[in-house]
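Respectively, the protein sequence lines represent chains Y, G and W. If you're matching positions, the first sequence starts at 1 in the numbering used here and goes up one per residue. If you're matching positions, the second sequence starts at 1 in the numbering used here and goes up one per residue. If you're matching positions, the third sequence starts at 1 in the numbering used here and goes up one per residue.
Keep in mind that the hints were calculated from the coordinates and are not lab data. There could be a bad hint or two in this list.
Unchecked claim - Some chain W residues judged to face chain Y by a derived CB distance under 8 Å, without partners named:
no., residue
1, V76
2, M77
3, V134
These numbers were taken from a predicted model, which means no experiment stands behind them. In this text, a Cβ means the ideal position worked out from N, Cα and C, and glycines have one as well.
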Amino acid sequence: MITIAAGLDFGIFWQPAFDRSGTYFRFLLVGLQWTLLLSISAWIVAFIIGSIVGVLRTLANPVLSTIGAGYVEIFRNVPLLVQLFLWYFVFPEIIPVFGTWFKQDLRPGLQQFVAAMLCLGTFTGARVAEQVRSGINSLPGGQRAAGLALGLTLSQVYFRVLLPVAYRIIIPTLTSEFLNIVKNSAVASTIGLVELSRQSQQLGEFTAHWYESFIAVTALYGLVNLTVMLLSRFVERYARLPGYVGGKQ
Amino acid sequence: MITIKNVSKWYGDFNVLKQCSTEVSKGEVVVVCGPSGSGKSTLIKCVNGLEPFQEGEILIEGISVGNRRTNLPKLRSRVGMVFQHFELFPHLTVTQNLTLAQCQVLKRGAKEATEKGLRLLDMVGLQTQAKKFPTQLSGGQQQRVAIARALAMDPIAMLFDEPTSALDPEMIKEVLDVMVKLAQEGMTMIVVTHEMGFARKVADRVIFMDHGQIVEDRPKEEFFKNPGTDRAQQFLSKILSH
Amino acid sequence: MSEASNKMYAFDWSSIPGALPYLRNGMLLTLEITIVAVVAGILLGTVIAVLRLSPNPILSSLAALYVNGFRSIPLVMVLLWFYLLVPQLINQVFGHPTLDIRLLSAFIAFSLFEASYYAEIIRAGIQSVSKGQVSAGLALGMRGGQTMRLIILPQAFRRMIPLLLTQAIILFQDTSLVYVIGLAEFFGNAYNVGNRDGTLVELLLFAGAVYFAFCFAASMLVRRLQKKVAA
């Protein structure tokens, strides 16, 4: 271990990269940029899908709630890597309109990005759905009754009474799901997306300075993690309702 | 104004309401009492369609509650309901609680809704709490706001589901005072409660329920002086000995 | 719309039957990695959970560092790290490596990674056992370690079994990631067959279906178990 540590040369980051795009430091930052871009766009997809499916699961209508349950089961029981390969290799072949658009209208780089975004978004959406569902279910049943009794329609009750409080309750778990997306984004390296973990592998391959590369990238992932957690604490404080802690009054 | 005709309800195999029938006329105050499990809360929740029922009919000003074609939200906006656990919306201020349904359901303008809300807050004695959040209020204060919230919809009748059961004893009076005032102003009310003092003061009729059936349905004086059945007699003696 | 998008994809499932033995071997490897990592993960995770709850600030901080460290980086990076470290370490300690280095680094990587997730589950389980139990044990004259071993842990585990099993199902799915270090288990084999025969679409769908069948069945069993434990 000690001999390894003694041999580290962090100066490698200031050397020009093999693809002549700048220094290796910049090379890694490009990867970080793509990781963040992918994570944020996948999160938007996941949040929307998760909210819809989560709400579906709380409805009394058995057809709708089974559809919601089915979605969650499908996306939770297939490995993420398999789902990614399905989005990248399989769906463009077998789904008509989407497939043509994907194969013909997108550059390869964008193909990787779109496939990864849809994969992470739908995968995480299933997890977000479970949290939205448990958030809504943790509210007292009287809230829904009170809203309905006032003459609000069911959708008004969800939008104006149930969801505003449910979202506040689940902010910590939603943060953790976002961080999961950031970590899971690393699988996109397998289809060639130029995200952070792939850049670290490329750097290692071209300079043989594997340790420096991995240490830097690990530190970057850790940094993103820390930053998001601090931001989330800030959001939690801003959204807190006076006297209402974690669903209890 | 409100007609309940032969209403029966089952939760699975359990027959929770058995052929319940009664009528409430405009301006009448009807108190519904009975032991726990008698179905009184369930019955009142059937009146505004919060609970479905399998047999019978409930009419509010001629409109059938159980009919699939009835516009239930619209019907519910005309009948106010007050819940045992207040059920104010915790993410909204007191004022916002009062204006939400006015704006969303009755399509009133924000200014008009707020004025109405504040007037009602004044009526229940809480005008200083307008900007507070429900969790910052005591139970009695929350329930009074809940009553104001229901009144803001200008209902033709008010339903109360054990409005004081979740309150500490020292706060019961402030809520009952509001309800008494409401009754004296001529509001049609159905009140599920154990508070016999309230019944004696303002009720017109008392309904006694047991095991899902309406066992007694008599004018207040008759009920208190001489309840017809043994069960009602037993219940009353237990309640009144407090 | 063009001709191409109107035509249904012509599915060709022919390469699957012949490849089944190869795929089955892959599945055996998947299960091997899963079981090793689950067992090692739970054992190590228990130690770390206990350390985390230790009154000694140094021990509990180290344990917290371990848990938070592994949980803040992608599994892909962990696999790459150990694929880098393990051969070098083996060389330094044992000289020439004679074992399959990829499999060994996968075993180590998964075990250490899963231990951090198991540690959190077990910690929550330990904390859910009422403090009165510890007091009762101490009052009987037992030492702290004995109370933990004989009273707390058995109760904690009983409650945590469904969560531990659920984590195992997640791990079963995560083994597919050994793809990034060039190790081929069930998924890797399916991909290779599909690539070789030009039937990647069919093989990937097949792999997805197999994973779904296994994991769905397993999660249903866990759910049934959960109902029994709750009773």
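So, going through the hints one by one against the coordinates:
At its closest, the beta carbon of W/V76 sits 4 Å from a beta carbon of chain Y; the interface hint therefore holds under the 8 Å criterion. Because the beta carbon of W/M77 sits about 6 Å from the nearest beta carbon in chain Y, less than 8 Å, this interface hint is met. Of the supplied interface hints, the one on W/V134 is violated, with its beta-carbon coming no nearer than about 26 Å to a beta-carbon of chain Y, more than 8 Å.
Violated hint: 3 only; the structure is consistent with all others.
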